[in-house]
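Undergrad: Taking the hints into account, I'd like the entire structure generated from these sequences.
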Amino acid sequence: MAGRSAEALLGAGFLGVMTTLYLGFQWAPSVAIDAFESPAAQRIFYWHVPAAWAAFIAFAVLFAGSAMWFFKRSPLGWRLHVAGAEAGLACGLITVWSGCVWGAAEWGTPWDWTDVRLNTFGLLTLLALFLVLGRQSQPDGVETRDTFSTFGLYGFVLVPFTYIATRVWEIRHPGPVIGAGDDGGSLSGDMAIVLLIGAVSFTLFIIGHILMSMRITGLEQRLEQAQKHLDVGE
Amino acid sequence: MEGMTYLTVAYLGMIAGIAIWTWTVVNRSKAIEARLEAVEASIGVVASDADAVAKEQAE
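Top to bottom, those sequences are chains L and H.
The numbering of the first sequence is my numbering, which starts it at 1447 and goes up by one.
The numbering of the second sequence is my numbering, which starts it at 5 and goes up by one.
Worth flagging that the hints you see were computed from the coordinates, not collected in a lab.
Hints should not be assumed to be uniformly reliable.
What the hints assert, rightly or not - Not the full set, but computed from the structure, chain L residues with beta-carbon under 8 Å of chain H:
| # | residue |
| --- | --- |
| 1 | 1450 |
| 2 | 1547 |
| 3 | 1635 |
| 4 | 1636 |
| 5 | 1659 |
As the list claims (entries may be wrong) - Ranges between beta-carbon positions, derived for each pair:
| # | chain 1 | residue 1 | chain 2 | residue 2 | range |
| --- | --- | --- | --- | --- | --- |
| 6 | L | 1450 | H | 9 | 21 to 31 Å |
| 7 | L | 1451 | H | 16 | 25 to 35 Å |
| 8 | H | 21 | L | 1569 | 13 to 23 Å |
| 9 | H | 17 | L | 1559 | 43 to 53 Å |
| 10 | H | 38 | L | 1569 | 21 to 31 Å |
| 11 | L | 1677 | H | 31 | 42 to 52 Å |
Virtual Cβ for every residue (Gly too), placed ideally from N, Cα, C.
TA: Right, dumping it as structure tokens:
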């Protein structure tokens, strides 16, 4: 039953993500041509921002799961940790990839090593990569889980740091266009609608993925146990 | 036009990435579930025995 709900969320999220793509391409208004070097590439924004939002949800799940395992030894916490790391890696890569493509079109370079936002977000994605690859290469055990949970806990420091980066040090990455807290927002109504559809779709999609990933971890644990029973001939 | 080329490359890359990721996750889940059902049915293990590491810690 839980598996079916996860699949339904995943399917709905996927459809929404594709709808966002279509709307961003075909329906959303163009930006002022003199405001950007590459106005067409700006449309990547309708995927880039929701993907970053979904990545932050995943990193929050990673943090909560790490804390639940580390302090409570909760099996649910470990499954959340694993799911958060995998989802954070996927959404982080989508965000970094779309940002690099936009940067290449708009700035003439895909990456700027002096920009704080780019580098803190890149580090977060690398942290998720480390956690996913590390878990796959290490035998499951308390020490392994404690080590990775510690990284999950301390790595989360980068999230608020990334969030405030463009407010405090706006170097190359654009500042916030919504929720800026002043009149810095520059989204028209139609643009905001597409962005909202994108944010809702990516949220459903990432929740579906997190639920599926938690389910897979649970199944893997059950399979491991069953294999141990087989090995000892019980 | 150059902007549209970048946009197309980016979208195609992401669509492929998202589709492959989702397909892999759903398939992995179904494959493990099928294996597990077969193994558990043959040896009579219950789902509550699942996370041995957490269980060990709780004891």
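Undergrad: Compare the structure with each hint and give your call.
TA: Here is how each hint holds up against the structure:
no.	hint	verdict
1	1450	violated, 11 Å
2	1547	holds, 4 Å
3	1635	violated, 23 Å
4	1636	violated, 18 Å
5	1659	holds, 7 Å
6	L:1450 / H:9: 21 to 31 Å	violated, 41 Å
7	L:1451 / H:16: 25 to 35 Å	holds, 31 Å
8	H:21 / L:1569: 13 to 23 Å	holds, 21 Å
9	H:17 / L:1559: 43 to 53 Å	violated, 23 Å
10	H:38 / L:1569: 21 to 31 Å	violated, 39 Å
11	L:1677 / H:31: 42 to 52 Å	violated, 27 Å
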